[in-house]
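Protein chains in written order, with this note's numbering: chain A, 60 to 353; chain B, 60 to 353; chain C, 8 to 308; chain D, 8 to 308.
What the hints contain is simulated information worked out from the structure, not anything from laboratory work.
Check the hints yourself; a few may be wrong.
Said to hold, decoys possible - Just some of the chain D residues that point at chain A, by a computed CB distance under 10 Å:
id, residue
1, V123
2, G126
3, A263
4, G270
5, L288
Claimed, not checked - Selected chain C positions facing chain B (in silico; Cβ < 10 Å):
id, residue
6, G146
7, F211
8, H213
9, G270
10, R285
In this text the structure is predicted, and so the values were computed from the model without any measurement.
Where a beta carbon is used, it is the ideal one built from N, C-alpha and C, also for glycine.
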Amino acid sequence: MTVELCGIALEHPVINASGTFDAIAARRVFGAELIERFPFAAFVSKTVTLAPRQGNPPPRLWETGSGLINSIGLPTKGLEGYLGEDLPELAELPVPLIVNVMGFTPAEVGELIRAFADRPEVTALELNVSCPNVETGLVMGADPRELSALLERVRPLTDKPLIVKLSPNATDVPAVARAAERAGASAVSLINTLRGMALHPRSGAPWLGGGGGGVSGPAVRSVALAQVYAVAEAVEIPVIGMGGVQRGQDALDLLRAGATLVAVGTENFRDPAAASRITAELSALHGNSAPELT
Amino acid sequence: MTVELCGIALEHPVINASGTFDAIAARRVFGAELIERFPFAAFVSKTVTLAPRQGNPPPRLWETGSGLINSIGLPTKGLEGYLGEDLPELAELPVPLIVNVMGFTPAEVGELIRAFADRPEVTALELNVSCPNVETGLVMGADPRELSALLERVRPLTDKPLIVKLSPNATDVPAVARAAERAGASAVSLINTLRGMALHPRSGAPWLGGGGGGVSGPAVRSVALAQVYAVAEAVEIPVIGMGGVQRGQDALDLLRAGATLVAVGTENFRDPAAASRITAELSALHGNSAPELT
Amino acid sequence: MSAGPAASAGPAPRAAPTAHAAPAASAAPAASAVRTPAPFGRRAVAVTARERHGAYTLLRCEDAGGPRPRAGQFYMLSAAERWGGGDGERPFLPRAFSVLRAPAEDRRLDFLLEDVGPGTRRLDELRPGDRLHVVGPLGNGFEPPRERRRALLVGGGVGIAPLAIWQDQLEDSTRPLLGFRDRARAAAAGLVSSARVATDDGSFGHHGVVTDLMRQEIAGRESEIEVYACGPPAMLEAVRAVCAELAIPAQLALEAGMACGFGACFGCVVPTRAGLVRLCLDGPVLDADRLESALLPGTGH
Amino acid sequence: MSAGPAASAGPAPRAAPTAHAAPAASAAPAASAVRTPAPFGRRAVAVTARERHGAYTLLRCEDAGGPRPRAGQFYMLSAAERWGGGDGERPFLPRAFSVLRAPAEDRRLDFLLEDVGPGTRRLDELRPGDRLHVVGPLGNGFEPPRERRRALLVGGGVGIAPLAIWQDQLEDSTRPLLGFRDRARAAAAGLVSSARVATDDGSFGHHGVVTDLMRQEIAGRESEIEVYACGPPAMLEAVRAVCAELAIPAQLALEAGMACGFGACFGCVVPTRAGLVRLCLDGPVLDADRLESALLPGTGH
Ligand SMILES: Cc1cc2nc3c(=O)[nH]c(=O)nc-3n(C[C@H](O)[C@H](O)[C@H](O)COP(=O)(O)OP(=O)(O)OC[C@H]3O[C@@H](n4cnc5c(N)ncnc54)[C@H](O)[C@@H]3O)c2cc1C
Ligand SMILES: Cc1cc2nc3c(=O)[nH]c(=O)nc-3n(C[C@H](O)[C@H](O)[C@H](O)COP(=O)(O)OP(=O)(O)OC[C@H]3O[C@@H](n4cnc5c(N)ncnc54)[C@H](O)[C@@H]3O)c2cc1C
Ligand SMILES: Cc1cc2nc3c(=O)[nH]c(=O)nc-3n(C[C@H](O)[C@H](O)[C@H](O)COP(=O)(O)O)c2cc1C
Ligand SMILES: Cc1cc2nc3c(=O)[nH]c(=O)nc-3n(C[C@H](O)[C@H](O)[C@H](O)COP(=O)(O)O)c2cc1C
Ligand code: FES
Ligand code: FES
């Protein structure tokens, strides 16, 4: 099941979704076995911003019958901490490293990209655009013009593949994807979490420390499939599909919808090695359905 | 639990979601008991368009572990058929009637509204704006300007309450709701179904006759809650909340998020009398949590 | 009247023969059609027995609160527990099942299930004492044969279910014809009296399809027979084609994916010559001549 | 060494006392800390026993594939079946449980559960022979007392769980103090040896809270005691406040909502004086002096 994404050769098409697997923490917990049995074909790190961020106050989690609402709020050591502490450890992983970055202004995004532009440890960059541009107030990844302007500015800063992680909370996601493609994105990834909310069952106040949160897991699977399908029809560049993947069949659906890679997110929480099982199931299904996949 | 919406007095705050209960069919199936035990405080009829529509080819349904994807495609007898065949029967229901209409151009919407403007059987109109304006190509309910223009044209055509049913597949739903309010909407209702999709497990082709479909049921509950909360914060007019309501607690959450009424959709399919149970559960919770609700 | 509805047909037997004056309307949604109303809402009933018949499961429950169904009617079933979950999995919506048997003298309802997916699997787990949610009886059911015709019941697989109750209610009918994939499945043929059986693999009865038997049975009696058929789409389509060819009236009990069963969702539509109709409301029994084909999209396994 | 980890502490006992030279770092995420690695991925284990102890359930399983846990460590548990569903309902994510007991000589793991919601309810349904998914051992566990101090175990409710295994592993400790809501719950006190018990309603043991007993026990021995506490947030906060007042070192086993248990989600953070830390990774045992308060948002029932 080897596959290629923007010239990167991968052993299979299953990677992790940003922010749903901390390989450094997992190595402390699971030791060498994590590396020996590393479940992802590439590793995507959690979103890094320029400045350190604490993230949202707890509680940060709300479970639903078919998913999770999180208001983690992108805690990060910031660029400097990441470069100094995390990157050396992540560089030891047995798979290519994709660094996910986010900035609140185009200048910030530029600075982040420049910082990784020539890092040999880093194979590709993923740009999280699900946050507002603090200068315009518009969510960068929800508005085609906003995103074009951003990418035209930052795309020239690196030769590495630049994956744009789209926001699913947009009127016309394929239009945003097309704008990304025209402005030089190497690939797009989707979906990020859907905006969601939970109230305290007794008090009725918002449960999550951040007020609202992002929905992930099986609940979003069919929404993800629709968006991946529509985006894959709209662009020529590769698509990384994610959202509620729990089984090989879910991964197969995203590949059939046009994705080149599939990312596993929330399911990692239910089983740290879920991606290995999903990859095995996918491989079995590939065998069974080769005609449709060639 | 009596409640008022735009001057309409209702016995309780639970109504049906458009297109999820056909009172005429249900009366054939359940007879007089339906009327005696009518579960909704007001009845919302399925979307009527000007011309008759067959709707999408089957299959129209795809079940997920926590919801439903439908591609019903708005079958309707059209305005004339509705006025001649359905309205007289619906007028016999023991609760106020809300007619849901949709047009593909502002002129069509105007014509539909005019047709019901002076009908005494009709208490209020709900305007489904989750379809594209065929003249501009923009989804009427996803773009604030598009919606303003539409409402400014059609709002003057009736004195009846005009409820705008918003599309959830929009970048900034509260902005659309504010536009509706400014242009004279009496209330807004949300959420309609999220865009979703399913593939045939073996062939990998889109399962639904319509290609894609709309996701409803428990899977969308937390997305609905977030949108209702954000919209209720953004507007002064009443909000009708819906999306995945299965229990009194779900209804209570939407009321606490700022809704005046709650609509039950997909859960009707699992139990035709679900709304009665939900109303009873809500009433019990009201008793328990009176302080937060006054 | 040699073939009127038996007294056991239910509390409100229809004055059926007149409805047949205009055959095209017989299964049509005449707003005035007298139907036995179903109790409003789903109700919990107790499972009282579970038996295996060949590859199928007979599920019996005690429906104290409901009226007696007509032959061909169906119920929406769901287990009272663990329906909507199991690792976030289906079943979520209730499932449609034809009545296999519903003796007039008690409150018993029998269903025959074939395990084809998560819903039937869950129902197959139920044991006496477990609770089942039911909505029904739903749909139209079979109409008695047109005058001077005798009923010929033709079924395949789990589709024998509505034929068993119809046989119970008919005063008289010719020998039923049943088709199965193999001997294991054919073991369920005993649920219908004195049936002739065909199997695809020849392991039991006639080696071939049930329409082979049908042609034999009908030959020369085209004007005396009305066919009642229920089974997999390919079989129904074969039956429809034979009946169309021989100009024999046929009532087909069809299947379509259903979310509600009571006309609420518009999800169960099937294409007829006159457009799409909701099968749960205007069917599940349709006169064969209303259909271009009985091969419906999204059905079959 | 009077209070080193007993030989049963696990295959890789830490050279603990030295880690205490700088107390603030003792529970800090030193990347170099020697941990017993957990097997990667969740594994299915068989439930071998279920016992009721007062209002709580002891669940025993046979963990053939895992290393022995340290006292204070926890596992993420989920039933192998029906987890993620049941009418589209929770539980969906695994749940965290402290080890109650894990004798070094076999592969047994005991957990003590209080039924407070859908996850604990589902686990409470498990019976010998059922399968359980486990990930672990996770988290840091207790550190041995600082030199010249003896362990005083203080627990409340189901929070006695990690104290039982810690008592097993400590060579020597003073009489444990346990608080419960009432007599029914206090029946679980027998899981810890020779404990003194307080109940809120006075129906058993001392009428009052466990910190009353704690003040009595400590009085005059402030420099000889190190407190190990686990229990509901209000109790832990009271323990923390008393220890702060009396300048006694305390190790608190805390709880927070967790999605993963292995540092992946950043969901379990708790506020410390030095900022938010992931409790599953840097805890669940934290030195009390790292906390402003043990009353954490989103915990308690
Ligand atoms: C009026 C009527 C009467 C019936 N009577 C009987 C009877 O007496 N006995 C009996 O055994 N069966 C009967 N059926 C069929 C029965 O309802 C189905 O077999 C049952 O619904 C299957 O449910 P499942 O969960 O086991 O399988 P499903 O997984 O639902 O599979 C059933 C079929 O549904 C489709 N499908 C697959 N996945 C999905 C999905 N996610 N969403 C939507 N569709 C999907 C496929 O075509 C599949 O073959 C009847 C159906 C109707 C409409
Ligand atoms: C390290 C650690 C060790 C633990 N050890 C034990 C032990 O030994 N024994 C034991 O009984 N318990 C222990 N717990 C607590 C145990 O994990 C919880 O009681 C369990 O997770 C509750 O799950 P539930 O589904 O039964 O209840 P839930 O419904 O999950 O309720 C538990 C609490 O979670 C919150 N909550 C409610 N609804 C939601 C929701 N939808 N999403 C998110 N949060 C919600 C509320 O605060 C509620 O009081 C431990 C917890 C941790 C972190
Ligand atoms: C707890 C949590 C944290 C996340 N953090 C990030 C993040 O830091 N950056 C990012 O781009 N996406 C983040 N995501 C989104 C995921 O990468 C993914 O897009 C989403 O969860 C959908 O996939 P899933 O349904 O498989 O979880 C996070 C998701 C979760 C659940
Ligand atoms: C089968 C089906 C048909 C629907 N038809 C309509 C419709 O005709 N008009 C409309 O405005 N909304 C329609 N909806 C949307 C519902 O009114 C409602 O907004 C949505 O289903 C969310 O509520 P729920 O999760 O409770 O089902 C339909 C939904 C379903 C599931
Ligand atoms: S199943 Fe819903 S309309 Fe027929
Ligand atoms: S529970 Fe996921 S990081 Fe701690």
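Right, here's what the structure says about each hint:
no.	hint	in the structure
1	V123	13 Å, violated
2	G126	9 Å, holds
3	A263	7 Å, holds
4	G270	3 Å, holds
5	L288	5 Å, holds
6	G146	9 Å, holds
7	F211	29 Å, violated
8	H213	31 Å, violated
9	G270	3 Å, holds
10	R285	7 Å, holds
Figure legend: structure checked against the earlier numbered hints; hints not met, in rising order: 1, 7 and 8.
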